[in-house]
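Going down the list, the protein sequences come from chains A and B. Heads up: the first sequence begins at 1 in our numbering, then just goes up one per residue. Heads up: the second sequence begins at 1 in our numbering, then just goes up one per residue.
Please note that the accuracy of each hint is not assured.
Computed from the model, here is a short list of chain A residues facing chain B with C-beta under 8 Å [stated by the list, open to error]:
| hint | residue |
| --- | --- |
| 1 | Glu25 |
| 2 | Ser53 |
| 3 | Glu115 |
| 4 | Glu145 |
| 5 | Arg173 |
| 6 | Asp175 |
| 7 | Tyr176 |
Derived from the structure by calculation, the hints contain no laboratory data. These numbers come from a predicted model, not from an experiment. Note that beta-carbon positions come from the ideal geometry of N, C-alpha and C, so glycine has one too.
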Amino acid sequence: MRVLLDNTCLSREGWSLSARGIFAEGIHLVSGDTGTGKTTLALMLAGLLPPSSGTVYREGISSLMVSFQFPEYHVTGTTIRDECISWGVDPTAILTAANLRDRLDHSPLKLSRGELKRLHLACVMAREYDLLVLDEPFSSLDCREKERVCIEISHRTTGVTVIFTHEQMQFPRVDYIWEIAHGSLHSRGSIPGAFEVWEHAPEMIKKLIARGKVPENITPSDLLEAACRT
Amino acid sequence: MILIRNLRHQALDIPSLDILPGITSVIGPNGSGKTTLLKCCVGITEPAAGSVLVDGLPPRETETGWVNEFPDRNILFETVADEVASPLRFRRVSCDMISGRVDHQLGVMGIIHLRDRAVRDLSGGEKILVALAAALVHSPRVLVLDEYDSHLDAGRARTIDGILRSGGIPYVIRCTQQMETAALSDRIVYLENGRAVHHGAPHEVFSTLSGSAFYPLSLRCGT
Numbered sequence: 001m002r003v004l005l006d007n008t009c010l011s012r013e014g015w016s017l018s019a020r021g022i023f024a025e026g027i028h029l030v031s032g033d034t035g036t037g038k039t040t041l042a043l044m045l046a047g048l049l050p051p052s053s054g055t056v057y058r059e060g061i062s063s064l065m066v067s068f069q070f071p072e073y074h075v076t077g078t079t080i081r082d083e084c085i086s087w088g089v090d091p092t093a094i095l096t097a098a099n100l101r102d103r104l105d106h107s108p109l110k111l112s113r114g115e116l117k118r119l120h121l122a123c124v125m126a127r128e129y130d131l132l133v134l135d136e137p138f139s140s141l142d143c144r145e146k147e148r149v150c151i152e153i154s155h156r157t158t159g160v161t162v163i164f165t166h167e168q169m170q171f172p173r174v175d176y177i178w179e180i181a182h183g184s185l186h187s188r189g190s191i192p193g194a195f196e197v198w199e200h201a202p203e204m205i206k207k208l209i210a211r212g213k214v215p216e217n218i219t220p221s222d223l224l225e226a227a228c229r230t
Numbered sequence: 001m002i003l004i005r006n007l008r009h010q011a012l013d014i015p016s017l018d019i020l021p022g023i024t025s026v027i028g029p030n031g032s033g034k035t036t037l038l039k040c041c042v043g044i045t046e047p048a049a050g051s052v053l054v055d056g057l058p059p060r061e062t063e064t065g066w067v068n069e070f071p072d073r074n075i076l077f078e079t080v081a082d083e084v085a086s087p088l089r090f091r092r093v094s095c096d097m098i099s100g101r102v103d104h105q106l107g108v109m110g111i112i113h114l115r116d117r118a119v120r121d122l123s124g125g126e127k128i129l130v131a132l133a134a135a136l137v138h139s140p141r142v143l144v145l146d147e148y149d150s151h152l153d154a155g156r157a158r159t160i161d162g163i164l165r166s167g168g169i170p171y172v173i174r175c176t177q178q179m180e181t182a183a184l185s186d187r188i189v190y191l192e193n194g195r196a197v198h199h200g201a202p203h204e205v206f207s208t209l210s211g212s213a214f215y216p217l218s219l220r221c222g223t
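Please work from the sequences and hints to get the whole structure.
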């Protein structure tokens, strides 16, 4: 199971993104500045946006899901119950998972953005996918929910999971780091080797490494363990 | 000073809260009433009961700027230049002045290259920067930002922080889920179930939140 980017390029007026590499089974984190093409790449990986040139091969992938940055883009139901049903999942179980009990007959668009994101992610995570693309999954979530979602993502042991995020503090366990810079996708390899070359590494990780305290991974507990290491 | 007295609206229930000039961060769990409080402070929502006064005036009689947490809900016009110009046009500022002020604001924000782009084609982060430019272009007394930073990379968020600090805006009230960002504010209000449970200087509020998910990881790690 893998996604192969064979010299893919997407160009628009005055802007382009080129990407090559292999997203193997595991959890991948892609970072990059605002407007560099993270969402564009997410859509290409999921087959929702054809590249201008090159090819995206999804090998051994029989099911895929992309979670958009904006949860409101996914909404099709007029009530939360209908929204859950549209995902083919049990509304009661989903609302329990999302800590939104007693809201079944509310409009999803009346939820706060964080609550809508919780509902959306609970629907997404209720199923297994060979390829799961998460575009800014932590935006709008409160700190408790970020922790919970990170743990849930960390428990994915099969398939290809690709996370695009600006998040600086709360991360799941990840296997590979990628960055978009200067119009291209760059593989930074697996952790901990990737720390040496990860330009967009969160400030706290950079500080720990500067003090010689290299974390095993990037979850909050890994960072705490490294910080407290004597 | 912004005086909030006996405020009740939906789940929000705040008997008394004073917001001093400077940058105030509103934090708390999803659904705790943060956006409702922000909308009351900026005058988008009239509270069911109680009052909000900005230096003695209702928010609707004060120059305010607002950035919605849903990036697409900020957008009214086709191009970036028209969107940022709109608050000035609504105030009947002369066309000559508008063009100069729009270009200046886009330059300050580092997005002058987006000037003639269609807003709908921008990334989420770029849409937020455009909304922020439109909110800043008419020099508001109260600037209210609802989770603007959840779409911005760390470098850009730092740049925006600098603009907010040096922009001469008397009151900046922002909702954020980045506790490290909140820690750099002048004051923090922590909401839970519609109530302002803690408020004060960052070190005071965070000292009551140690052990919770809202305690900054950087403080836990001592970095």
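Comparing the hints with the structure gives:
With a least beta-carbon distance of about 28 Å to chain B, the hint placing A:Glu25 at the interface is violated under the 8 Å criterion. With a least beta-carbon distance of about 20 Å to chain B, the hint placing A:Ser53 at the interface is violated under the 8 Å criterion. Hint status for A:Glu115 relative to chain B: holds, with the closest Cβ pair at about 5 Å, below 8 Å. At a threshold of 8 Å, the smallest CB-CB gap from A:Glu145 to chain B is about 6 Å, leaving the interface hint in force.
For A:Arg173, the shortest C-beta to C-beta distance to chain B is roughly 16 Å, which exceeds 8 Å, and the interface hint is violated. Because the beta carbon of A:Asp175 sits about 22 Å from the nearest beta carbon in chain B, more than 8 Å, this interface hint is broken. Interface hint status for A:Tyr176: violated, as the beta-carbon distance to the closest one in chain B is roughly 20 Å, over 8 Å.
Going through the hint list in order, the structure does not satisfy hints 1, 2, 5, 6 and 7.
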